[in-house]
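Student: Sequence:
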Amino acid sequence: MLLLFILALLPLVFPACRMQETGGEDVIVEEIHYQLFSEAPLDLSDPFFQGKLDTISLDPEGPEDFSVSNADKVVVFGNRIYILDEMFRRIAVYDLTGHVLSRIGRIGRGPEEYLRISDFCVSKDGSVWLVDGSTDKLFHYSSDGVFLSKNSLKTEIGALQKLPGEGFLMGVNLWDDSSYKDYHVLLCDSLQRITAAWVTREKEIDPDFTFPSVGFCEGENGFDYMIPLMDEIYEFDTSGTYIHKYLIDFGPFALSKDARQHVENHLEETLSCVFLALASYVDNNYLISGIRDRGTYRSLIADRKSMTRYMTEDVLGLFLGVSDRRAVFMKQTKSGMTLTLVRLTAPEPSPQKVGSGTVPSAVRKKMNCTPSEKGSKRWRSPSNNADLRHLTGKQIG
Numbered sequence: 019m020l021l022l023f024i025l026a027l028l029p030l031v032f033p034a035c036r037m038q039e040t041g042g043e044d045v046i047v048e049e050i051h052y053q054l055f056s057e058a059p060l061d062l063s064d065p066f067f068q069g070k071l072d073t074i075s076l077d078p079e080g081p082e083d084f085s086v087s088n089a090d091k092v093v094v095f096g097n098r099i100y101i102l103d104e105m106f107r108r109i110a111v112y113d114l115t116g117h118v119l120s121r122i123g124r125i126g127r128g129p130e131e132y133l134r135i136s137d138f139c140v141s142k143d144g145s146v147w148l149v150d151g152s153t154d155k156l157f158h159y160s161s162d163g164v165f166l167s168k169n170s171l172k173t174e175i176g177a178l179q180k181l182p183g184e185g186f187l188m189g190v191n192l193w194d195d196s197s198y199k200d201y202h203v204l205l206c207d208s209l210q211r212i213t214a215a216w217v218t219r220e221k222e223i224d225p226d227f228t229f230p231s232v233g234f235c236e237g238e239n240g241f242d243y244m245i246p247l248m249d250e251i252y253e254f255d256t257s258g259t260y261i262h263k264y265l266i267d268f269g270p271f272a273l274s275k276d277a278r279q280h281v282e283n284h285l286e287e288t289l290s291c292v293f294l295a296l297a298s299y300v301d302n303n304y305l306i307s308g309i310r311d312r313g314t315y316r317s318l319i320a321d322r323k324s325m326t327r328y329m330t331e332d333v334l335g336l337f338l339g340v341s342d343r344r345a346v347f348m349k350q351t352k353s354g355m356t357l358t359l360v361r362l363t364a365p366e367p368s369p370q371k372v373g374s375g376t377v378p379s380a381v382r383k384k385m386n387c388t389p390s391e392k393g394s395k396r397w398r399s400p401s402n403n404a405d406l407r408h409l410t411g412k413q414i415g
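Under our numbering, the first residue of the sequence shown is numbered 19, with each subsequent residue one higher.
It is worth saying that the hints were derived from the structure and are not from the lab.
All residues carry an ideal CB built from backbone N, CA and C; glycine is no exception.
There may be inaccurate statements among the hints.
Calculated cross-link-like contacts (lysine to any residue; reagent style SDA-like; alpha-carbon spacing at most 25 angstroms) [to be verified]:
#1 221 with 265
#2 142 with 107
#3 263 with 239
#4 221 with 195
#5 168 with 184
#6 275 with 257
#7 142 with 208
#8 142 with 195
Between beta-carbon pairs, the in silico distance windows are [as the list claims (entries may be wrong)]:
#9 257 with 361: 21 to 31 angstroms
#10 131 with 286: 34 to 44 angstroms
#11 211 with 353: 42 to 52 angstroms
#12 59 with 351: 16 to 26 angstroms
#13 168 with 353: 35 to 45 angstroms
#14 64 with 161: 34 to 44 angstroms
#15 49 with 125: 37 to 47 angstroms
#16 220 with 270: 17 to 27 angstroms
#17 218 with 332: 33 to 43 angstroms
#18 64 with 124: 11 to 21 angstroms
#19 165 with 270: 46 to 56 angstroms
Produce the complete structure using the sequences and hints provided.
Tutor: Below is the structure:
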């Protein structure tokens, strides 16, 4: 009897070992054929843009410790703009007029300091979460930038999204070697305990090469997630459940499987193909994405109703994601950095399902590893189109 009582208490004593059952649910699978869209010059008088544009020039004269040299990710929350600059390893906070206000955290090895920001997000209460990719720790700061907490992660995380309720979505680095290395996205509770694993990895991407990517961005029904080279966009609802997969077919310009798996051996092919790279958003009306188009970063707005695509990098700049229902574009000029925010209208009701699939079963292993020191060189910054680099740092294109 005593043994039965102890066994009954085990789930309460060790809640982190329990995983949510995720198998058997349907995921909508939908193909979008890039070649079926006709390309047209961008016209800002188009109804899509009328009354929806806000252009913000960032003040180049801000305090040296606060300002940024480049935008690798931008989050708009209320009347604040948060910009990640990976080169300076900082998150700067601006107001909607472009004046720099503050920064989040500080570089260092102290108890409240980080070494390298892999990703960050702003939660519904305005507080900021960031992942230190060098130490595999999750930092939490108040809306005023005051340090609140730091926790160790169970795997190597490259992308982060706080859910509206409790918990997080986390994108697993391609070079992760933990018990969760076979999955791309993890669902975690408020204590960072992993409760579900989504999108099975099939060794289809070379872990030694990565492209800059903003990770998660606000989607039609929750959050969209894209992995460069994959040409797939994964949609999660606000509870963190995987619900929709979009397959972007670039036709004759698509990368081969061999090139995805061994980029170093197929650099010429990689520079002559088209694939998703920076950020991606999709709803029933539009596909908006930062793509790598034959060696150059470009921004794409595809109107799914008229089957027309517009390349926007020369007019709006490069697409860096969606937050607060605003698509964010960044453009570097001689006078500094300009952000253009495009307010998105509510999409039309979802069409009938195109296809279906199944959600992979949750990982049921207990973690038994320590954070790895492995990493991957990034192909740097979309601000420079001739920036394809080999692992040694050699200039390629």
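Student: Assuming the hint says 21 to 31 angstroms, is it satisfied by the Cβ distance from residue 257 to residue 361 or not?
Tutor: holds (26 angstroms)
Student: Holds or violated: 11 to 21 angstroms for the Cβ distance of residue 64 and residue 124?
Tutor: Since residue 64 and residue 124 have Cβ atoms about 44 angstroms apart, the given range 11 to 21 angstroms is violated.
Student: Residue 59 and residue 351, beta-carbon distance inside 16 to 26 angstroms?
Tutor: holds (21 angstroms)
Student: Please verify whether residue 142 and residue 107 have alpha carbons no more than 25 angstroms apart.
Tutor: holds (24 angstroms)
Student: Between the alpha carbons of residue 142 and residue 195, is the straight-line distance 25 angstroms or under?
Tutor: violated (32 angstroms)
Student: Residue 221 and residue 195: Cα distance at most 25 angstroms?
Tutor: At roughly 12 angstroms apart (the allowed maximum being 25 angstroms), residue 195 and residue 221 satisfy the hint.
Student: Take a quick look at whether residue 142 and residue 208 sit within 25 angstroms of each other, Cα to Cα.
Tutor: holds (14 angstroms)
Student: So if I understand the rule, the pair passes when the alpha-carbon distance is 25 angstroms or less; does residue 221 with residue 265 pass?
Tutor: Distance of about 18 angstroms is within 25 angstroms: holds.
Student: Starting from the range 17 to 27 angstroms, see whether the pair residue 220 and residue 270 falls in it by beta-carbon distance.
Tutor: holds (24 angstroms)
Student: Hey, residue 275 versus residue 257, does the alpha-carbon distance stay inside 25 angstroms?
Tutor: violated (33 angstroms)
Student: A range of 34 to 44 angstroms was offered for this pair. Does it hold for the Cβ distance of residue 131 and residue 286?
Tutor: holds (42 angstroms)
Student: With the threshold set at 25 angstroms, check whether the alpha-carbon distance from residue 168 to residue 184 stays at or below it.
Tutor: holds (17 angstroms)
Violated hints, listed in ascending order, are 6, 8 and 18; each of the other numbered hints is respected by the structure.
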